[in-house]
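Dock chain B against the given chain A, drawing on the hints supplied.
2 protein chains.
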Amino acid sequence: MESENQSAREQLRTEQKRGERKRRSESSKSSSKRHTGPSFKHDPNRGRITHEKKFAAHPIKKLPGGKHGDIRIVPLGGVGEIGQNMTMVEWGSDILLIDTGVLFAGDDAPGIDGIVPDVSYLVERQKNIRGVLYTHGHYDHVAGAKYILPQLGYPRCFASPLTKEILLSTCDEVPGLVDALKPKFTDCNPMTKLTLGKFTVEFFHVNHTIPDAMGIVIHTPYGAIVYSGDFKFDYHPADGNPANMGRIAGIGAAGVAVAMVESTNVLVPGFAPSEYKVLDELREIMEEADGRVILTIFGSSVGRVSRIIEMAEDLGRTVWVTGRSLIKNTQIARRLNYFKCKDNTLRQLRGKVKFGPAKKTLILCTGGQGEYYAALTRAARGEHNSLHLQKGDTVIFSASEIPGNENQISTLKNNLARHECRIINTNNGHTHATGHGYQEDLKLMTNLLNPYYFAPVHGDLHHRMYHRDLVISDLNYPEEQTFVMDNGRGLILNHTGCRLMTPKEEIKTERVHYEFGRPVPVPELQKRVKVASEGLLILTLQHKGEKVSRVSHRSVGFLPGDPQHEVFKKIHEAAQQAFERNYDTKRSHTTLEHIIAKRVEQVIAEHIDRRDKEPVIEVMVVG
Amino acid sequence: MESENQSAREQLRTEQKRGERKRRSESSKSSSKRHTGPSFKHDPNRGRITHEKKFAAHPIKKLPGGKHGDIRIVPLGGVGEIGQNMTMVEWGSDILLIDTGVLFAGDDAPGIDGIVPDVSYLVERQKNIRGVLYTHGHYDHVAGAKYILPQLGYPRCFASPLTKEILLSTCDEVPGLVDALKPKFTDCNPMTKLTLGKFTVEFFHVNHTIPDAMGIVIHTPYGAIVYSGDFKFDYHPADGNPANMGRIAGIGAAGVAVAMVESTNVLVPGFAPSEYKVLDELREIMEEADGRVILTIFGSSVGRVSRIIEMAEDLGRTVWVTGRSLIKNTQIARRLNYFKCKDNTLRQLRGKVKFGPAKKTLILCTGGQGEYYAALTRAARGEHNSLHLQKGDTVIFSASEIPGNENQISTLKNNLARHECRIINTNNGHTHATGHGYQEDLKLMTNLLNPYYFAPVHGDLHHRMYHRDLVISDLNYPEEQTFVMDNGRGLILNHTGCRLMTPKEEIKTERVHYEFGRPVPVPELQKRVKVASEGLLILTLQHKGEKVSRVSHRSVGFLPGDPQHEVFKKIHEAAQQAFERNYDTKRSHTTLEHIIAKRVEQVIAEHIDRRDKEPVIEVMVVG
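For the record, the sequence lines run as chains A and B.
Numbering of the first sequence is given in the working numbering, commencing with residue 1 and proceeding in unit increments.
Numbering of the second sequence is given in the working numbering, commencing with residue 624 and proceeding in unit increments.
For reference, chain A alone in the conformation it holds in the complex (with noise of 0.2 Å):
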């Protein structure tokens, strides 16, 4: 009893302290409360798991244990941003990686189709490389493969076929990559059980708004290595098949000495709407609608296609699609059977294309974050050749604004506007519910899996802390069992626990940019973008032997509004006494070119104030 009191005691200072986590939201409150055994007999301890008790009594504890060597569990990607996800498990000489993510790029990297981690340390061990899991197919998770996978020699890769056809038509581009990495891939589906190397790997089912979705399972003799994947709970998802909470449970109590849950939206309290209140509100707004209805949906979003796809059928409009991710993917959901209907509902709108009437008519079009090339964009500033909008139409958005995006959507609500276009998103009406769970799906994720140790992913650093302060707090965990990871810093579970890497252990992981299939120096990068916000300058120098014949410039936006400004006639002086004063047989035009160029970046600074800025200079020395 004594014991017991003390524990209750420490347990009350615990919730003391947690008392001063505020501004949590109200959800966090609710776990705190408790019911004790009833009042004739009571005992205010009866039946109350602290959570030493709880750890104490963990299901790893039960496991034979040994000492089995570091098993290093280290995100490549994927822990500082929202995108790029790949995450490795090395035991020994066997390496596992979960999903192969491509990040896109953002303003700070414009021009570059895709950003993946360095993945040096795999290249050279990938031998050991045992197999790629996928939890599914978003391109988050899967559309770095073709950077990514030829570099590690086409390991062996498992994944859904679904989330196996959606990476692959993320590499058609790149010649032969397509036919050799098929052979490479492996069918699973939540019942599927991998040997591979020394792990034991089982995948489970989850919702997301793809079908297939998995988290995966990896089991070590120090107990389970979970990555939830991208997840929610829905008890009425598009494809009908809610997330197997029993079989997580299950997984739970076989023993999770670590679990890695995403943590997307981790700021949002309460459980995330189920997909069917977005397809009933979907259905109504079709059914209503006399004029055409356009719908803007992610590529990506392939179970809710799939209803819409059929639900329209069922309200006669034929389906028009366009948009290439949206197209590719509809094909391979049609060719898999995650939806079905005659061949002449579904149709491509390409080029010139004769509608039918209004009222059956649906067109599906990627284009709702804004993009400038997309087809709803295009229709909507009326430069699409097929596609021209009229009062009566109704747009529906069926998804979120990506932060950093609201600008371009804007202008595109706009043009919208111009043509009298009914617009319904998510301020007016219910088209569109996350796959990401919010805060209790997270809670409940955590607690069904029950891990010793607690490791959020999939998200921002920001986001990450809050998850961890989320599941000391509402989940009772000690903080010393949680860990916020870094890209390359991850962790290193043995027989006496487990810990977060040291900086001297940290894996070398930055980001790589691509362009056109290869990457770009991010120097080239950075210069490019100097220029977009303070222009570059062109000098060229003509001369023979030691003397300046000719200096000439070029503006690219360097003082545009000012050509004739007093610098420019400065710069060419001093790019002339520069050449001259260091001009040198021995001396290559390089390095004079680099002389030059630092005296005019002095000239520059001294004659007009431009406030850290400064433009690019080239200096170009002809002879």
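Among these hints, one or two may not hold up.
Here chain B is said to cover these stretches of chain A; the calculated rule only asks that three of the stretch's residues, wherever they fall, bring their Cβ under 8 Å from a Cβ of chain B [claimed, not checked]:
1) 195 to 206
2) 403 to 412
3) 523 to 534
4) 554 to 562
5) 615 to 622
One-sided excerpt, in silico: chain B residues whose CB lies under 10 Å from chain A [unchecked claim]:
6) E825
7) Y1089
8) R1173
9) S1178
In case anyone wonders, no lab produced these hints; they're calculated from the structure.
These figures come from a predicted structure and were not determined experimentally.
All residues carry an ideal CB built from backbone N, CA and C; glycine is no exception.
Same frame as chain A, now just chain B:
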């Protein structure tokens, strides 16, 4: 009775029609419920004022009337964007202007300091300008002055002292400008009445996040023209001075012909929350916090900043201020007595400083939008001289996230999380209230003003169309009395009524981009932006007469991952050929450069698939 029944039936039809405008916020339904007389003498039409009746008996019908020529009401900026607000009212040889705002550049105009409307129409008629009337001191309403007012020959200006001082503070970088403008200003307040040319002008008090925000009434023989300015109704605002509803209703009763009402938050149902909820919350956080409080806020939130400083003094916290606009505006507000504090309460955070005890420290800073060079952003990166963030610091975001800034704000939050600062923002606290009314504020304003014609301003097209629809459905306006204007295309008001200008009557008013005080030609700007995503190729050809002696190139981010690409050789060859084929002593270098660039463009298109992307090509022929 017959006619009343008829109009009742019409009313019914109108309401049925209104029923079709579905998917508006809940709030939109309330206004259609009416109380009829008591049942013992039941007459459903008793006391019922249909809109036909209402407008037939409208106060402007009681004005003397008569023909007084056309009055043109033209927004030169501010409709089509949120920013660069500027409206012209022209009646014969009398012109009044309302506001001279700036639009801050987005990602599509990197490096640009500010955007304002083209005012060439006004420059030609500057002798007619009777005055510039200012609503309030926010940059999107005043900070275009430094670009615009000198072009207009320094016209007379009318503003509250706070608005004037803030406007002048934005002009202090232009030598002599403050001195030139200062004597042109006349101090105004909500009691001021002005006669300017044929116009009489009055002001009325509204609430906003800055004190002394005013709406403007311009009296004409056809009724008043009212410009709401930015506003909300707040029963407990930061300056303790609620908007004067009685006054506004009085203006309405006297006869308003046209009301221009802002539309910023027209998509948000309900009433905007009061500023005092925020102030209460901020006080609570400051009381609770054991460590330093770092509060980031817009420099423009002068009302809230004033109260926060007094609150901090009350709680014994010294206030350190950093950020240009915040320092400027705080100094102005203190000088004009908008708040009072001891001299040593308020300090500037500049260079090396020694903070007092953490519990006694409040740091006010800008940077809540993640601006790269702002104090908070630098501190979060660990690059601030004196502000070293630490565990125990509470960082409050007392501002909304401006759409488009999410990614940089996210980076900021991640960096703050790295220092284990506690972050409180609108996700987990009432740390900000907007200054722009929600739907019910907007409807209340229009209802009080009771204008005959309604024209929404201050917002994107889709906002203003939504606002127009809201007024039609919820305030029972006939569509033909509502107008959605464009920049340059406003209204013509005369004895026959009011109508939208035809495209022929439009005033040319494009956006003018300023950098370092000078307008930037749009093609120069586009070129800069193009380089960022598509790269630049510099080609230098040396020639002796018709013979090319040497070709050299420099790539700035064009094929950055592949400097040895075979296309460069082909470019050299093609350029040399193009030169030699087209060389002619009569042809200028410029012409030749143009011909060569065209040819190089072709070669690039032939040899690499760049999907709509091509570099900027700069050819320099030197000989």
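Point to revise | Hints breached by this structure | key: Violated hints: 1 and 6; rest satisfied.
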